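Chain by chain, the residues run as shown.
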Amino acid sequence: MSHFHIKTPFGYRPVSEFSYGGEVRPPLPADASDEEAIAHLWLRSNVAGVQRERWFHSSGTRRWYTLVRDTRSNIVLAQPGEEYQEGSA
Amino acid sequence: MSIQFEGREVPIQPGDTLASALYRDGVRVFSRSFKYHRPRGLYCLSGDCPNCLVTVDGEVNVRACMCKAEDGQTVSRQNAWPSVDKDALNIIDKGHFLMPVGFYYKAGIKPKFAWPMAEGVIRRVAGLGFSDKSDAPRDIDRINRHPDVLVIGAGVAGLSAALAAAEGGRRVMVIDEQAAPGDRVAQGPTKQQIDALAATAAQNPGIEILPGTAAIGIYEGPMVLALRTDQVLHIHPQAIVIASGGMEIHRIFPGNDLPGVFMARGAARLAGAHGVKPGDVAVVWAETQEAVEHARTLQAAGVRVACVVTAPGVDAQGVGERQVEGEVVEAKGKKKVQGAIVRAAGGATEEVACDLLAVGAEIQQNMHLPRLAYDLPCVLAGDAALPGSALDVAAQSGTQAGQAAAQGLPLYVNPPATEPRPCGTAGYVCICEDVSVAEVEQAIDEGFESAELLKRYTTVTMGPCQGRLCADQLRAIAHRKTPAEAARVAAPTTLRPPVRPIKMEQAAAGARHHIERHTPLHQKHLEMGASTLWAGPWKRIFSYGDMQSEYEAVRHRVGVIDVGTLGKFLLAGPDVVEFLERIYPMRVADLEPGRLRYGLMLEEGGVIIDDGTVCALEGGAFYCTVTTSGAERLESWMLDWKEAWGLDVFVVNQTASLAAVNVAGPHARDLLEKLTDDPIDKEAFPYLRHRRITVNGVSCLAIRLGFVGELAYELHFPAAHAVEMWDAILEAGKEWDIRPFGLDAQRLLRLEKGHIIISQDTDFETTPWKVSMDWAVKLDKPEFVGKAALIRAQRRTPREMLVPWKMDPGMAAPPEGSTVTIGGSLAGRVTSSKMSYVLGHPVGLAWVTSEHATEGGTITIGGAPATIGGHAFYDPEGVKLRA
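Line by line, the protein sequences are chains G and D. Using numbering that gives the first Met the number 0, the final residue of the first sequence is 88, and nothing's skipped along the way. Using numbering that gives the first Met the number 0, the final residue of the second sequence is 882, and nothing's skipped along the way.
Isolated chain D (complex conformation) (with noise of 0.2 Å):
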């Protein structure tokens, strides 16, 4: 097994990640820092540090230290010009000048032009990977979960946690961003009690362990966001245990960046996890007891363990070749380490040689996701609450945090901010961003005392780690530049989601789960080789492939089209009549049984927000028809009026229970009389009527309407008859070669009419005055919503008007949302454009300013002269959908 390392293969062995692979096969270099191309090795090796990232089979960025090595896979370091060994841009190293902190704010301002120049060589240089955009994004899945407890992190307080919640009866989830629990610990104690804790927890049916699951946010809800592989996970819990652990502080002190020195348990994990030496002479720094172990694993693994520097207090007796009660001021070397300074307590200092500098600094808190859980049910247990507790502390927290999590949990509480841990004066406290001691410091003199003012001009905290490393030495600094003013200027700074890096497919997770809902025709349509396109929610029929052949069948013979998508409602109860006085602004009460009538729909402002049909039925009860885009809206709308009225009106939706086509053409009547025996004839069933008639064996209420403007029956009926009723229609309709017709088609026919689309031609300050639809407004009445504002829009003319416009034969349609002017000035846009196949000039609808929106007009679309004409341009006077 094998990995293609940068040109060369690289054996790989089970349970290697990329970083462990590389570092066996002799890799020293990882990356080259942000900036200035400093050579960086490995540091943390738990995924909180930058220096691992790399491009694995064309994705870039990933951490080499948490990605599993797998046969095969294609791996190169970054950042480097021409290879991150031998990197010629590390130049810039030797100028630091030339990028000063806050550079972005200072250089570059003059000359202008230069600037974007600059910029580019400057994006070229600086910075990660090049992300390969050729690449087709995949779709994540978000799932939803609902535990009562989760559990964040799976060491010892957090499986002992999950149990403790389990006993308390409770389903318990564990995250935890390894690939297993304990995954990555050397062997010893610790790792013995994760297996028997893991081993115990996988037994109980109540935990569910998802390991390979990073939380990267907390949000109210309490809300989880947590990164699979292949998913997002939105997890719900009543309670959360965190248990993320906590990590060695980031010691600055010169060289504190250079290959070879690393974290203890960085180092240890190497050894110890992995067999892996990270050095042949180690200098250990063990500020900690738990440091003293990683000398061990050090040494077991064959490290020869040249110094243990102690901090108080701690014991080494037996480890290494010998110990020094101190600290460790500086690395030195070049390129990696080859020497540590080593400050005894009594002050005299010495260099060890070493080519490994393990930092067992103390334990701080890994803060992140704690600060999120401000006001949320959360509680924290093991090195989360207690940093550096020793295992059977850490196993009691974890116990007891399960239990009260099981109870119920009080809201946490963030503790107040404690004073920064002291940090050193020279070396890099942002290995991120590549940004040190002196340059914070050269920030805090040109003004930016404060460590929030500090993140944004020096960028320290906001690189890959997002202040895991950093963001208390910051406060460190600050705190030591201004002590007098320490609670203003070392306050913790602001930690947000993302805790851990984001994909960009992973942040689109679930963007393209729509609801896509389809009439009972759909399929059909498919099968007659239908386009679609979305409207509201649903999708709809655009064309059927020969737009201008369902015209024509319209037009000259006969054409069908699926509405059923139009939204259908149903009102019935003693106030009904009221509340349709109140929510049209025409009247409805004069409304006989079998009539039908256009209505608008405003909102308080007298805009216009939908429209369609009220058809009052026998019984008193009325038949609403809105439109495919406003069935969701208007029904809530229409309920809420309804209580702010109090009136005792029932809303029923019947948008999906019933279907709707519509019958259209010159033989439109002819078609269906072969289906029906009811009377359809123009006396029996006149224009603007309804009835109640029997189609192809099925009850349907046929509504005679003139959108399209030919003769029309639309029918609504079942939706469990839809098939039936389609296929009935078509066969019928062979003798006039009958065409189902589509969108395309349909907004022709419409326009050719003058018929407005609600929303295509009208916008949020449409009124009726502003569409020349006042016959649709009975100001007479009593009250209805908007009517007020129509008043006060009545006083004042209108700026602009919607007016119907053709041009010339032999001219093109322009395209919708051109502009419209008249003497060279701008006056207005165009809303709808087609060519008319039976007028044989392209039609449209416009705004145009009020003084020049009247009949006979000329007006310049595109530069082309048109004509504005009335409120049709075909059948004027309405013969055809009368007939």
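Next comes chain G alone, as it looks inside the complex (with noise of 0.2 Å):
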């Protein structure tokens, strides 16, 4: 398996087929500061390193995948539905 494909039901496809929906955030407290709300609109934390992030498969399933990358050199060290345990990589 040449690294970076993404599971699907339908097995493992290429990166290519599908579109980066960024890294998981949590949603927004009601309650947040304004400062808050800015960082979580506007602020990614750009993570040199492992990330657990969203991929829409548009070119496929069109369905969202989440999974942990390692954004230094694209190792997905958990694909969708598999837990990720720290230093797996």
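Any given hint could turn out to be false.
Here are the simulated lysine to any residue pairs, SDA-like style, with alpha carbons at most 25 Å apart [what the hints assert, rightly or not]:
(1) D:538 x G:59
(2) D:777 x G:36
(3) D:780 x G:26
(4) D:780 x G:30
If you anchor each label on the Cβ, the simulated ranges turn out as follows [unchecked claim]:
(5) D:839 x G:43: 49 to 59 Å
(6) D:779 x G:37: 21 to 31 Å
(7) D:647 x G:37: 27 to 37 Å
(8) G:70 x D:839: 55 to 65 Å
(9) D:828 x G:58: 35 to 45 Å
(10) D:510 x G:37: 35 to 45 Å
Read the hints as simulated data drawn from the structure, not as lab findings. Quick caveat, the model's predicted, so the values are computed rather than measured. From the three backbone atoms N, C-alpha and C, an ideal C-beta is built for every residue, glycine too.
Reassemble the complex: the two chains are provided individually, in unrelated frames, and hints are given to aid placement.
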């Protein structure tokens, strides 16, 4: 398996079939301050390392998938549905 | 067979390249060097050096040694005046001080006005060919390929690897930049072995050999980018074997760039593969046993080998007139080689007269591709792994690599940088950019100590060879000048793709591959003479040729527009109402079946991203439309929120399966009554309602909306019935002189009503407050996307507001994008502007600073006065659309 394929119910598909949906972020709490709201809207952590993120299978199953990836190597550490264990890289 | 070369015919023979044909014909100077216009001749004959770049049939910078000679080609040399043979610009070579290294950073700084002029002259004098800009670009195909194993290089190692990988049950692709495996190798054991392996591989159904295919980069995936004449390949293998070979080291000594100095492999290629004598009297410098074979090849071609200069351990017994253990320290000659200074091992030097100096230096790996393969499943074989290895060793390393690739490869890790091999102290380091050892040393003295800095300052390694010849030499000089800090100054410079030259048209391969979506009526529109425009992935109809008559049909009689590109979604499920309440800022829960409501869609920042309608269907489902360009994005957007909220909803995208047309105009009802038996009168089917009715025998969801401001029925029905429905409507409408109308007419129709188009009139900061659509937002709902941000935004007055404006009759409609001024100060911009036929004056929408955005206020657009209006100029009470 060459790397950066994403597991779907129809097998592993190359990342070129997906659109990036960004890092997974907690929802903004209702009582958030202005600063927290601005950070939530506009700031991303842009991690150089392990990141939980979303991908939409736009040229395929048209579903969302959540996976864990090392942004430095593009190695998928946990495919959708798999548990990510710290240090499993 | 012949080619046209600078006004004369040059005969060509089968198997010729342009280089071999021209050399046979007596051409010795192939180019003039980049800066100093020094004469340059053939050197590597393997596509690695910059010396033989010529213009072929108008295409510049073609490597003559890699280009197959074909009957009728027109070939000329470049970068010289009046000719390459007698280049007047060579005068620059006498005045190196005028163009010192780092020239761009030093000269022409003052006076400032002089630099553009000087630059113009330099640009004309320096550089390579001039491209023909009249040339129409070709469409180069971009093709994805998915072999299991990709082998780069079809030499002994590469073909052995391919056979072994195929033996292991893998589908193998072999690419090689030559026209055929072994095509350019001189007769001998290597050639025989390649021919035998290629014949075996050709019989193997698991192996595909693609000659004429140059790998120019390796990327993650892994993905290998490869160039062919009319194609660019994106190859996605699971494992890569790099067998791209090695090359003789570019030796540096005074005169090393003179015509007549060859790499020994190049000279042997000319003699052995093309039957062209590279010279009459040769000195061969053999640092390897392989080079002794090249001397034999030259002898066999009739070259008198006056002397073979051997490195210790190389046996040249019986080859050439005499053998000297030692080295060549200089090539003598003015415009071509006339002799070689040989220094024997004992230290005595002598000059040997010759017109050919074949330098058979030590073999180095071609490290360009391997260095790009870091962290990818890749293995090296042959000279790429063990430079200068014997044939059986190369074959064995290939077999092992192929077996490993078949079983799955570990990730390749670049070997640690080794100390660069020592290089000469005078001569040209970089023949691409014309940089001598002295110039590099001068740059080091100026403080640019490390190879990375030297590269940028001197441009060594940055020419057409991309460092093939000179990268190690640059490191060696840096190392020599600052030996105490070798690790810092002599680290290898970064290599980047492309490793072979790429044409602009190849770089643009696939750029014009668009998925062009058409509605089922597209062909009908084209038959009626429609012009089209892009709308997201769709080609939509702009006009059928006469926008005004299309417009007038809608305003006064009846028209029909294809709106099949609208995003159409069926939503159902236990939580559907909750879901819609959260994705729309208006209320949905109170919509009874048969009713509909206009809805904005906001992102979390409260910015409008789309708009459309929500229809409540019988049985608890909903039918939602969104804009043409929003459909793709909004499907994933809705699904994302659905998962975030954990709601039980099904979102079915019916955009492609349903067609839609909007029949609009005072006679819309009259027309439809001819096609349906269902009641569609004002009482049974009022404005802002929808009904399922049968039109022309097809069950349609009919929706009464008012985007264009007239009585209108939007029909949504299965796409398979689109053509017959369209024809029936046009036929039924004949008595009112119906016209199909396009987007151009629709944009004016809606503008007269003051209706906005998302993304034309709005931008990435537009909240509903700024477009006075407070009515479309219900802040008393518990939750919807963007609510928190809208509440925050409410705390302060928006900087600007979108307002409708009109001008007096007789004025021309200003261009969209015009600036708005008030009292001479900038106060906004126009987003939509058109001449209203029915009102007789220009109308439009504009952003205007909030303090001036009041109805009745006067603004200035492009010097002309305009008045801010209310919400609509045409039928402000909405009587017509409620008809």
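To see whether the hints hold, each was checked on the structure:
A hinted pair counts as satisfied when its Cα atoms are at most 25 Å apart, and residue 538 of chain D with residue 59 of chain G qualifies at roughly 23 Å. Only pairs whose Cα atoms come within 25 Å are accepted, and residue 777 of chain D paired with residue 36 of chain G is accepted, the gap being roughly 21 Å. Among the hinted pairs, residue 780 of chain D with residue 26 of chain G is consistent with the structure: their alpha-carbon atoms are about 18 Å apart, no more than 25 Å. This hinted pair checks out: residue 780 of chain D and residue 30 of chain G have alpha carbons roughly 16 Å apart, not beyond 25 Å.
Against the hinted window of 49 to 59 Å, the Cβ-Cβ separation of residue 839 of chain D and residue 43 of chain G comes to about 52 Å, which satisfies the hint. The supplied range of 21 to 31 Å is met by residue 779 of chain D and residue 37 of chain G, whose beta-carbon atoms lie about 25 Å from each other. The hinted range of 27 to 37 Å is satisfied by residue 647 of chain D and residue 37 of chain G, whose Cβ atoms lie roughly 33 Å apart. Evaluation of the 55 to 65 Å hint for residue 70 of chain G and residue 839 of chain D yields a pass: the beta carbon distance comes to about 60 Å.
A hinted range of 35 to 45 Å for the beta carbons of residue 828 of chain D and residue 58 of chain G is consistent with their spacing of about 37 Å. For residue 510 of chain D and residue 37 of chain G, the Cβ-Cβ distance of about 38 Å falls inside the hinted range of 35 to 45 Å, so the restraint holds.
Comparing the model with each earlier hint shows no violations; every hint is respected.
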